[in-house]
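Number of protein chains: 2
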Amino acid sequence: MSNFEVTVLGASGGTDGGATQCFMVRPMGCRGLRSICVDGGAGFSQISQMLARSKDSFKSELLESFYANDFEPAGQFFDPKASVSLGFPQCILGSLEDALEKHKHLNTFTKAMEIYMGVKEYYITHAHLDHIGAMVLNSPFACDANSGDAKLICALPFTLQAIEKHIFNDVIWPDLLHGGSSRLKLSSLTDGIPHVCGAFPQWDIIPFKVHHGFSASIVDERVYSTVYLFSDRSTKQSLLVCGDLEPDSASGGEPLLEKAWEYIATRVPRGNLKGIIVECSSSASTPKHELYGHMSPAYLVGQLSRLREMYGDPDVLAGLSILVTHVKTIISEKDPRLVILQELREAALQERLDVRFSMAVQGYTFSF
Amino acid sequence: MSNFEVTVLGASGGTDGGATQCFMVRPMGCRGLRSICVDGGAGFSQISQMLARSKDSFKSELLESFYANDFEPAGQFFDPKASVSLGFPQCILGSLEDALEKHKHLNTFTKAMEIYMGVKEYYITHAHLDHIGAMVLNSPFACDANSGDAKLICALPFTLQAIEKHIFNDVIWPDLLHGGSSRLKLSSLTDGIPHVCGAFPQWDIIPFKVHHGFSASIVDERVYSTVYLFSDRSTKQSLLVCGDLEPDSASGGEPLLEKAWEYIATRVPRGNLKGIIVECSSSASTPKHELYGHMSPAYLVGQLSRLREMYGDPDVLAGLSILVTHVKTIISEKDPRLVILQELREAALQERLDVRFSMAVQGYTFSF
Chain A
1 MSNFEVTVLG ASGGTDGGAT QCFMVRPMGC RGLRSICVDG GAGFSQISQM
51 LARSKDSFKS ELLESFYAND FEPAGQFFDP KASVSLGFPQ CILGSLEDAL
101 EKHKHLNTFT KAMEIYMGVK EYYITHAHLD HIGAMVLNSP FACDANSGDA
151 KLICALPFTL QAIEKHIFND VIWPDLLHGG SSRLKLSSLT DGIPHVCGAF
201 PQWDIIPFKV HHGFSASIVD ERVYSTVYLF SDRSTKQSLL VCGDLEPDSA
251 SGGEPLLEKA WEYIATRVPR GNLKGIIVEC SSSASTPKHE LYGHMSPAYL
301 VGQLSRLREM YGDPDVLAGL SILVTHVKTI ISEKDPRLVI LQELREAALQ
351 ERLDVRFSMA VQGYTFSF
Chain B
1 MSNFEVTVLG ASGGTDGGAT QCFMVRPMGC RGLRSICVDG GAGFSQISQM
51 LARSKDSFKS ELLESFYAND FEPAGQFFDP KASVSLGFPQ CILGSLEDAL
101 EKHKHLNTFT KAMEIYMGVK EYYITHAHLD HIGAMVLNSP FACDANSGDA
151 KLICALPFTL QAIEKHIFND VIWPDLLHGG SSRLKLSSLT DGIPHVCGAF
201 PQWDIIPFKV HHGFSASIVD ERVYSTVYLF SDRSTKQSLL VCGDLEPDSA
251 SGGEPLLEKA WEYIATRVPR GNLKGIIVEC SSSASTPKHE LYGHMSPAYL
301 VGQLSRLREM YGDPDVLAGL SILVTHVKTI ISEKDPRLVI LQELREAALQ
351 ERLDVRFSMA VQGYTFSF
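If you read the protein sequences in the order shown, they are chains A and B.
Its first residue numbered 1, the first sequence is counted upward by one per residue in the UniProt record's numbering.
Its first residue numbered 1, the second sequence is counted upward by one per residue in the UniProt record's numbering.
Errors might be hidden in some of the hints.
Pairs involving identical chains hold if they fit within one copy or between any two copies, as the list cannot separate such chains.
In silico BS3-like cross-links for lysine-lysine, where the CA-CA straight-line distance does not exceed 27 Å [unchecked claim]:
| hint | residue 1 | residue 2 |
| --- | --- | --- |
| 1 | K236 | K185 |
| 2 | K102 | K165 |
| 3 | K120 | K288 |
| 4 | K81 | K165 |
| 5 | K102 | K334 |
| 6 | K259 | K81 |
| 7 | K185 | K165 |
| 8 | K102 | K81 |
| 9 | K185 | K120 |
| 10 | K259 | K165 |
| 11 | K334 | K185 |
| 12 | K165 | K288 |
| 13 | K259 | K334 |
FYI, nobody ran anything at the bench for these hints, they're computed from the structure.
These numbers were taken from a predicted model, which means no experiment stands behind them.
One chain only, chain A, in its complex shape (with noise of 0.2 Å):
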């Protein structure tokens, strides 16, 4: 039985300016519009596009790829046993129906506003712009006086700070924080602490500080990231999303993920863990120093090891689904998206790591 549905947006790791990394997280079948989004690096334009391309079956088992073909199958990206369809989740265009009968105007921005009105909660990992911008560009719909809409932007202070003072200060954006009428607030968590979800209250979301390289231009100064475990007090299962992130070990840097790794192997029973959508931007050609502060397929398989060592279980994570995402627009022959999943599964096979490697695609909603 599934617990959470989650909705790509966005999952591309730049540098092409595609759409980046937001994942709608929903409760498996919950009626309503109601949504929660780890990261803003997509939004608006992604929802109307997947809804319009659901009326129009061409092309609509084919992905954007742009390397060896312009379109591949999807077939390709996921799993076999991967729980994956195409577009939103039924309950959500079920819902959109009843929500559209005080509407005169039927058309696919209407669908697409009901659905981003619906996004209640943003849990933001960092302040990168390819995990905000759209956040951001969509921000003045979430001001309309008429849209009924309110909107926090949930993160780790770090976080929070980089977006007030960069971006929402009038010069980079509107300040929509501060005006009187706005309904977009901020709300700061606090690392390692269950923070009871606004939207779906039977979800705590536990945030913890990672590691995410270095600054560029000065020395020795750390860059952090976020992930977020969401864990359902109820039927007591988990699903752990990450933005972008190193293991410690990659900068010599404080144990940090490793806390992750012991609150989850501590508190979430064996089982209980349904997934885990995590980055892996760069193929294992890539030398370290490239790496900017990322996973490559070693980082990853070498990070979901150490977790099951902790849980001191060899098989705790068989058949675990991970959903990669962020992987980086590179110029080559072969997708990229394709020659990380493969180097990710032999490396597991190596590690006798019997999980399942699934590419996050945008437009595709996946179960956990």
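Take the given structure of chain A and dock chain B to it, following the hints.
Using the frame of chain A, we list chain B on its own:
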């Protein structure tokens, strides 16, 4: 005889978060892949999609609309006499074939990289995120030691300071300006003073600071933007490319746009102004206090009348091409771009302004 070739990589006024303003400008029929861009709200991703689309005749003359219909016939958006074609200009596509001979992978991303590497200068109108976002997300490509790429970000000081302080600061984005190997550099322009274009030295590019409303949170703090006059020293022909702006009178500000009109009326001979690319964000039904520093049809036609008045010749603008950009996404029955086009044509008729309005649509090339 046309002089300027403008490929629209993005022209959305938001808030949907689709491809926002970026115009690739080149001398008509110019060989090679060099180009400059006015604003950076779109980039590599849109170049890739345009190249992929060019191979696919399906829907090629239908535009994404998402209002009355998800796709609308392109012809509605253009003046019948406009010189417009789908995709990149033939001279770029021809030069691309030559450039590709050195590559072994001839896929769409490789081609897109060649065109992206050809962008030598960005002329930024102001630092709002919808005018710089893709330029920032694409910037690591420009700093890749293997790419042979080098780019200048050209703007008035207030814009460069914002980009340096709030974007390339290792918080919102890696500081790629001050890294040792970076080939991304800032280039400061001076208000009203001709700047010799690096990519096309036959061009003077003259920036004029203009009004763009007020700060959202600080009372009476003004926001500024820039318009760029392109002037070809050999042909004496000119093109005006604007970012976001409002008439000086809209906010009771000092004469700024007025100075740009005065410069044009005194320096650009009658008939040598080939076109104006200018925003018109909202329709005539929008209250003035909801324009937030932007143009309406009445404001835009009023400003064109003012330019005519300065020339002192009632027929001076006859047949002038006006390319309208930055229409905001709203919830409505009809595509607001079509509404605004109609309102502009009616308002111009009333003022006996015989200009030709077309809508800047992503993926099309216009000649001036």
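(request) Check K259 against K81 for me: Cα-Cα at most 27 Å, and say if that holds within a copy, between copies, both or neither. (result) Classified as neither; 30 Å inside a copy, 66 Å across copies.
(request) Please work out whether the CA atoms of K185 and K120 approach to 27 Å or closer within one copy, between two copies, in both situations, or in neither? (result) within (11 Å within a copy, 39 Å between copies)
(message) Checking an output row: K259 and K165, CA cutoff 27 Å. Within, between, both or neither?
(response) Neither way: K259 and K165 sit 29 Å apart in one copy and 34 Å across, limit 27 Å.
(request) Can you give me the call for K120 and K288, within, between, both or neither, at a CA distance of at most 27 Å? (result) neither (38 Å within a copy, 30 Å between copies)
(request) Could you figure out if K334 and K185 sit no more than 27 Å apart (CA to CA) within one copy, between two copies, both or neither? (result) neither (43 Å within a copy, 32 Å between copies)
(message) I want to check one pair: K185 and K165. Are their C-alpha atoms no more than 27 Å apart within a copy, between two copies, both, or neither?
(response) both (14 Å within a copy, 24 Å between copies)
(request) Can you give me the call for K236 and K185, within, between, both or neither, at a CA distance of at most 27 Å? (result) Answer is neither; intra-copy 30 Å and inter-copy 52 Å both fail.
(request) Check K102 against K165 for me: Cα-Cα at most 27 Å, and say if that holds within a copy, between copies, both or neither. (result) neither (39 Å within a copy, 45 Å between copies)
(message) At most 27 Å between alpha carbons: which applies to K102 and K81, within, between, both or neither?
(response) For K102 and K81, the Cα distance exceeds 27 Å both inside one copy (40 Å) and across copies (42 Å).
(request) Up to 27 Å between alpha-carbons, please classify K81 paired with K165: within, between, both or neither. (result) Classified as neither; 44 Å inside a copy, 48 Å across copies.
(request) Could you place K259 and K334 in one of the four classes (within, between, both, neither) given a Cα distance threshold of 27 Å? (result) neither (36 Å within a copy, 53 Å between copies)
(request) Indicate which option fits the pair K165, K288 if close means a Cα-Cα distance not exceeding 27 Å: within, between, both or neither. (result) Classified as neither: same-chain Cα gap 32 Å, cross-chain 29 Å, threshold 27 Å.
Checked against the numbered hints given earlier, the structure breaks hints 1, 2, 3, 4, 6, 8, 10, 11, 12 and 13 and satisfies all the rest.
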